[in-house]
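Peer 1: Based on the sequences and whatever the hints tell you, model everything.
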Amino acid sequence: MELETFIKSFEEAVEDVEVGSLSGDTVYRSLEPWDSLAVLTVIAMVDAEYDLRLKARELKQVETLSELHALLESKQSV
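Each residue of the sequence shown is one higher than the last, beginning at 1 in our numbering.
It should be emphasised that the hints constitute simulated quantities derived from the structure, not laboratory data. Keep in mind that the hints are not guaranteed to be accurate.
Calculated cross-link-like contacts (lysine-lysine; reagent style BS3-like; alpha-carbon spacing at most 27 Å) [claimed, not checked]: (1) Lys60 / Lys75; (2) Lys75 / Lys8; (3) Lys55 / Lys75; (4) Lys8 / Lys55; (5) Lys60 / Lys8.
Peer 2: In structure tokens, the structure reads:
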């Protein structure tokens, strides 16, 4: 999965985030709309689009979208 594609999917999944406004360096937990609903929405998006299981505690272990992308990439190779 390409980082840019993942970021676009993330932007579309999280309510009130403008598509094209985020980058790999974005600390997603600092986004204004980041709340428990956003966590669940991102987990559901990852499951639906990438067929990967992501846990809320895993989201807490990474900070940026690039780090989250790398985590998902590592899950794909398992």
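Peer 1: Next step is simple, just say for each hint if it's right about the structure.
Peer 2: Structure-based check of each hint:
1. Note on Lys60 and Lys75: the hinted pairing holds, with a Cα-Cα distance of about 16 Å set against a maximum of 27 Å.
2. The hinted pair formed by Lys75 and Lys8 meets the criterion: a straight-line CA distance of about 20 Å does not exceed 27 Å.
3. Under the criterion of a C-alpha separation no larger than 27 Å, the hint pairing Lys55 with Lys75 is consistent with the structure, at around 12 Å.
4. Taking the CA atoms of Lys8 and Lys55, the gap is about 20 Å. The hint holds against a cut of 27 Å.
5. Pair hint Lys60 plus Lys8 holds up; C-alpha atoms about 20 Å apart against a cutoff of 27 Å.
The structure meets every hint from the earlier list without exception.
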